[in-house]
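Quick note, the sequences are listed as chains E and D, same order. Residue numbers for the first sequence follow this note's numbering, beginning at 95 and rising by one. Residue numbers for the second sequence follow this note's numbering, beginning at 14 and rising by one.
Don't take each hint at face value.
[Unchecked claim] Residues of chain D placed beyond 12 Å of chain E at every Cβ, according to the derived structure:
no., residue
1, His134
2, Asp182
3, Glu194
4, Ala261
5, Ala287
6, Glu356
[Stated by the list, open to error] Distance ranges between label pairs, derived from CB positions:
no., chain 1, residue 1, chain 2, residue 2, range
7, E, Tyr162, D, Ala360, 54 to 62 Å
8, E, Ala193, D, Glu21, 49 to 57 Å
9, D, Asp123, E, Ala151, 54 to 62 Å
10, D, Thr81, E, Arg138, 50 to 58 Å
11, E, Lys154, D, Ser178, 30 to 38 Å
12, D, Glu194, E, Thr165, 25 to 33 Å
13, D, Ser293, E, Asp164, 55 to 63 Å
14, D, Thr402, E, Asp118, 55 to 63 Å
15, E, Ala151, D, Ala61, 36 to 44 Å
16, E, Phe204, D, Ser64, 34 to 42 Å
[Stated by the list, open to error] Below, a sample of chain D positions facing chain E; criterion: calculated Cβ distance under 10 Å:
no., residue
17, Gly46
18, Ile180
19, Ala183
20, Gly184
21, Ile185
22, Pro186
23, Phe187
24, Arg188
25, Pro190
26, Pro260
27, Gly264
These are calculated hints, taken from the structure and not from any lab test. Given the structure is predicted, the values throughout are model-derived calculations rather than measurements. For glycine and all other residues, C-beta sits at the position ideal for the given N, C-alpha and C.
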Amino acid sequence: MRYMMLIHHDEAALAAAPPSLWGDYAAFNEAIAKAGVAYQPGNRLQPSSAATTVRVAADKTAVLDGPYADTKEQLAGYFLIDAPDLDEAIAWAARCPSARYGAIEIRPFFTA
Amino acid sequence: MAPRAGNETGRAAERIARESFGRLVALVAARTGDVAAAEDALADAFAAALSQWPTGGVPDNPAAWLLTVARRRATDLARRRAVETGGADHLALMAEELEEAVASPEAIPDRRLALMFACAHPAIDRAVRAPLMLQVVLGFSADDIAQAFLVPPATMGQRLVRAKSRIRDAGIPFRTPGREELAERLAAVLEAIYAAYARGWGEFDDGAPRLAEEAIWLGEVLAGLLPDEPEAKGLLALMYYAEARRPARRGVDGAFTPLGEQDVALWDRGALTAAERLLSAASAAGPSGRYQIEAAIQSAHVARRLNGAPTWPAIVALYDHLLALTASPVVALNRAVALAETEGPVAALAALDPLAADERMAAYQPYWAARGALLDRAGRPAEARDALTRALGLADDPAVRTYLRNRIEGLAAAP
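Hey, can you work out the whole structure from these sequences and the hints?
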């Protein structure tokens with residue numbers, strides 16, 4: 095099954111994370127790619143301070159400066175994976191270095 | 014808990030129908046990942062079995078009988094859905110699976126354990142795990158389950174449907190977890206079964222759904238499927254011990270009767286023997302877990318009441334062990350009550366002190382009842398009255414309320 099692993103970070107905790115985190119990330123990226131689970135490299139996003147939120151109501155476009163939800167944990171990146179079942183996806187999420195700095199949401203792709 | 018055939022033969026037939034249903038749902042769901050579709054395919058056959066077998070007799074091969082009836086429907090469904098949606102691969106897969114099983118029904122693998130692990134998966138809401146198992150493993154209807162769990166039928170129906178969709182859509186696997194995960198995942202299965210039993214513990218009305226019985230049944234299926242897991246046996250032993258005392262827990266007039274005052278002649282000796290046997294098999298097999306310790310505590314109570322064995326010190330020691338394992342305030346409370354029997358009410362009250370700060374105790378009736386009883390024994394009737402009154406205000410069982418009122422009336426006048 096295809097899943098997206100959405101990485102939600104506490105941005106303050108991430109900013110304070112030791113530089114070793116990025117070494118861990120490089121190792122994780124390599125492991126998940128070599129295992130054939132991630133079918134494209136993971137993507138990291140700019141922090142929520144760079145976010146812009148757009149809505150159209152009554153044909154008027156409203157543009158907001160900031161993220162969609164003003165929560166402590168913000169979407170910070172994602173992986174696209176193909177795993178046999180949820181348990182396998184959970185195992186990869188638990189290995190992801192970000193799991194220690196926030197939360198990882200696993201969402202199955204919608205299949206018609 | 015369903016409307017039941019009244020006689021023994023009828024009940025045995027119902028039991029076989031439910032066991033066969035669970036096996037087939039497990040078989041088909043494990044292959045397709047779709048529990049609801051598996052139930053759907055088997056629904057008519059199961060309904061026919063429930064109505065025919067109790068009076069007409071159980072067929073020689075119950076699973077084959079169900080399969081033969083279900084197969085036609087599954088094939089129809091697969092054909093129709095395939096036309097409607099152009100997809101429905103899993104329905105075709107299901108029909109295929111049923112065909113294979115019909116060809117050699119004696120070789121149908123028992124996948125119920127995998128089904129139970131899917132139902133109690135950490136990604137499934139904790140509160141729906143036991144209802145889900147009762148529905149898919151034993152074939153109880155959402156209405157029956159709703160009645161047992163005191164939830165409106167429509168609400169229970171929605172929760173069950175949602176949980177099944179979640180199993181399918183999130184890709185929750187049907188498998189027995191590997192060794193390293195097993196203990197943790199098994200704990201969720203045990204917890205769900207015990208939660209169902211605990212809900213059934215308060216049922217006394219004969220006409221009421223017998224949730225306790227069905228929880229024990231799930232426990233029996235689980236212990237049978239996991240013969241090497243001491244905790245599965247431990248849980249079953251614990252439920253047997255508790256169930257054995259049910260006939261003695263209410264007096265002839267329906268009055269609440271605490272363990273120490275129960276008429277042991279009313280205890281179910283068959284259930285106690287089965288519990289003892291399971292518990293010793295469990296402790297022989299491996300390290301002691303939570304349910305084995307709780308069962309051992311029950312065993313010690315039984316030995317004291319039946320043979321006058323001085324088991325209070327052992328009970329306190331077992332509670333110490335359990336408390337270290339669970340850090341549960343309820344365990345701490347029970348430990349303090351046992352301590353009153355070895356070191357007296359003053360020591361027991363001192364052991365309760367740390368619990369007073371726990372917010373959960375503010376609304377926990379057994380805490381106030383125990384505290385009141387200990388204060389009474391310690392010769393502090395005014396405080397005992399306060400605590401027992403608080404317990405009375407929290408009690409929702411009329412028999413317990415009557416018991417508490419009598420205790421309050423029996424207190425010595427405050428000096």
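Status of each hint after checking the structure:
1. Separation of His134 (chain D) from chain E is inadequate, the least Cβ-Cβ distance of about 8 Å not exceeding the 12 Å criterion.
2. Chain E draws Asp182 (chain D) into its interface by the beta-carbon criterion, the shortest separation being 6 Å against a cut-off of 12 Å.
3. Look at Glu194 (chain D): its CB is around 8 Å from the nearest CB on chain E, not clear of 12 Å, so calling it non-interface is violated.
4. For Ala261 (chain D), the requirement that its beta carbon stay farther than 12 Å from each beta carbon of chain E is met, with the minimum near 45 Å.
5. For Ala287 (chain D), the condition that its CB be more than 12 Å from all CB atoms of chain E holds, with the nearest at approximately 35 Å.
6. Non-interface status of Glu356 (chain D) relative to chain E is upheld: no Cβ of that chain comes within 12 Å, the nearest being about 46 Å off.
7. Take Tyr162 (chain E) and Ala360 (chain D): their Cβ atoms lie about 58 Å apart, and the range 54 to 62 Å holds.
8. Under the hint 49 to 57 Å, the C-beta atoms of Ala193 (chain E) and Glu21 (chain D), about 54 Å apart, fit the expected range.
9. A beta carbon spacing of about 56 Å between Asp123 (chain D) and Ala151 (chain E) agrees with the range 54 to 62 Å that was offered as a hint.
10. Under the hint 50 to 58 Å, the C-beta atoms of Thr81 (chain D) and Arg138 (chain E), about 57 Å apart, fit the expected range.
11. Between Lys154 (chain E) and Ser178 (chain D) the C-beta distance comes to about 37 Å, which sits within the given range of 30 to 38 Å.
12. In this structure, Glu194 (chain D) and Thr165 (chain E) meet the distance hint of 25 to 33 Å, their C-beta atoms being roughly 31 Å apart.
13. Between Ser293 (chain D) and Asp164 (chain E) the beta carbon distance is about 59 Å. The supplied range of 55 to 63 Å therefore holds.
14. Our hint of 55 to 63 Å for Thr402 (chain D) and Asp118 (chain E) holds, since their Cβ atoms are close to 58 Å apart.
15. At roughly 55 Å, the beta carbons of Ala151 (chain E) and Ala61 (chain D) sit outside the given window of 36 to 44 Å.
16. Phe204 (chain E) and Ser64 (chain D) have their C-beta atoms about 40 Å apart, which keeps the hinted 34 to 42 Å range intact.
17. Because the beta carbon of Gly46 (chain D) sits about 8 Å from the nearest beta carbon in chain E, less than 10 Å, this interface hint is met.
18. Given the 10 Å rule on beta carbons, the hint for Ile180 (chain D) holds: about 9 Å separates it from the nearest Cβ of chain E.
19. Proximity of Ala183 (chain D) to chain E holds as hinted, the smallest CB-CB distance being about 5 Å (cut-off 10 Å).
20. Satisfaction of the interface hint for Gly184 (chain D) is found here, the shortest Cβ-Cβ separation to chain E being roughly 4 Å, below the 10 Å cut-off.
21. With a cut of 10 Å, the hint placing Ile185 (chain D) at the interface with chain E holds, because the nearest CB-to-CB distance is about 5 Å.
22. For the restraint placing Pro186 (chain D) at the interface with chain E, the shortest Cβ-Cβ distance is roughly 4 Å, inside the 10 Å limit, so the hint holds.
23. Evaluation of the Phe187 (chain D) hint against chain E yields a held restraint, the C-beta minimum of about 9 Å falling below 10 Å.
24. For Arg188 (chain D), the suggested interface contact is upheld, since its CB lies about 8 Å from the closest CB of chain E, less than 10 Å.
25. Hint status for Pro190 (chain D) relative to chain E: holds, with the closest Cβ pair at about 8 Å, below 10 Å.
26. Annotation: interface hint on Pro260 (chain D) violated; nearest CB of chain E at approximately 44 Å, more than 10 Å.
27. The closest approach between the C-beta of Gly264 (chain D) and any C-beta of chain E is roughly 50 Å, which is over the 10 Å cut-off, so the hint fails.
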